[in-house]
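Protein sequences appear in the order of chains E and P.
What the first sequence shows, in our numbering, is residues 1 to 112, in sequence order.
What the second sequence shows, in our numbering, is residues 1 to 114, in sequence order.
Fair warning: there could be bad hints in the mix.
Chain P is faced by these chain E residues, among others (derived, beta-carbon under 7 Å) [claimed, not checked]: (1) Met-45; (2) Arg-95; (3) Gly-103; (4) Ala-104; (5) Gly-105.
Computed footprint of chain E on chain P; a stretch qualifies when at least three of its residues, placed anywhere within it, have a C-beta under 8 Å from a C-beta of chain E [what the hints assert, rightly or not]: (6) 40-51; (7) 101-109.
If you are wondering where the hints come from, they were derived from the structure by calculation, not from laboratory data.
From a predicted model like this one, the values you see are computed outputs, not experimental measurements.
All residues carry an ideal CB built from backbone N, CA and C; glycine is no exception.
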Amino acid sequence: AQKITQTQPGMFVQEKEAVTLDCTYDTSDPSYGLFWYKQPSSGEMIFLIYQGSYDQQNATEGRYSLNFQKARKSANLVISASQLGDSAMYFCAMRDGNDMRFGAGTRLTVKP
Amino acid sequence: EAQVTQNPRYLITVTGKKLTVTCSQNMNHEYMSWYRQDPGLGLRQIYYSMNVEVTDKGDVPEGYKVSRKEKRNFPLILESPSPNQTSLYFCASRGGVWLGETQYFGPGTRLLVL
Numbered sequence: 001a002q003k004i005t006q007t008q009p010g011m012f013v014q015e016k017e018a019v020t021l022d023c024t025y026d027t028s029d030p031s032y033g034l035f036w037y038k039q040p041s042s043g044e045m046i047f048l049i050y051q052g053s054y055d056q057q058n059a060t061e062g063r064y065s066l067n068f069q070k071a072r073k074s075a076n077l078v079i080s081a082s083q084l085g086d087s088a089m090y091f092c093a094m095r096d097g098n099d100m101r102f103g104a105g106t107r108l109t110v111k112p
Numbered sequence: 001e002a003q004v005t006q007n008p009r010y011l012i013t014v015t016g017k018k019l020t021v022t023c024s025q026n027m028n029h030e031y032m033s034w035y036r037q038d039p040g041l042g043l044r045q046i047y048y049s050m051n052v053e054v055t056d057k058g059d060v061p062e063g064y065k066v067s068r069k070e071k072r073n074f075p076l077i078l079e080s081p082s083p084n085q086t087s088l089y090f091c092a093s094r095g096g097v098w099l100g101e102t103q104y105f106g107p108g109t110r111l112l113v114l
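Please build the complete structure, drawing on both the sequences and the hints.
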C-alpha cells in the first residue's frame, strides 16, 4: 500500500525567507501523481502544486516549487519569500490509481 | 461557480443518533470521495465512488455508509455515531482519470459526537 510521510509536525520560518517542507512517499506503481495542499486556519483545502512521476522538470507555481527526487522518493515543497499568510497546515498527497492518500501534515508558522 | 458543497458545516450530536452529511458538486464530476481529518493523521479516505451506483471502501469505512444515486450527490451516513467519529469531514470530487486531475474539496463538516 502506498504511504506518505511528512516528518516535520511543525516548522517556523522568518518572513521573506524560503522554507522547505519534506515529503517522502512509497509506491510500487511507476505512474503516480504528487500533490501539495494548504489548509489555513479556516479549514478549507487549497491545491498548490502537482508533479507527475514522468515529468522531467520540477513543478513550479509562483512562489511554490516542488523538489522532486524520484530515486529518493521525495517530493519536498519549497516556498520562497515566505509571507505571513503562508502560515497554515500543509499536506503532501499521492495518487497512483483511484485513491489519493495524504501525509500527516506540517504546520508552518511564519514569523514577522 | 464550480464548487463542492457540504451540509451541515457544524454538527453536535449524541451517540447512536443517525445522521447524514450531504455533499453535492456542480461540475458533472464522476469521481467523488469522503475523507476524515484527525490531528496527526492527515486525511484518510472513508469511501469513494467512481460513478452513479458505484461505491467502494477507502481506508477507514467502518461505521459509515454512502450512496450515489445521482451523479452530483454523495451523502455520508452515520447510522449509529460514536465519539470516535468526532472529526473534520471533507467531501471531494474530480472529473477525470488523469493522475494530475485537480481534486476539488468541500468546505468541511466539523462533527462532534457526545
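Results of checking the hints against the structure:
1. Met-45: 4 Å, holds
2. Arg-95: 6 Å, holds
3. Gly-103: Check passed: Cβ of E:Gly-103 comes within 5 Å of chain P, closer than 7 Å.
4. Ala-104: 5 Å, holds
5. Gly-105: 5 Å, holds
6. 40-51: holds (count 8)
7. 101-109: Coverage by chain E holds for the stretch 101-109 of chain P (5 residues, Cβ < 8 Å).
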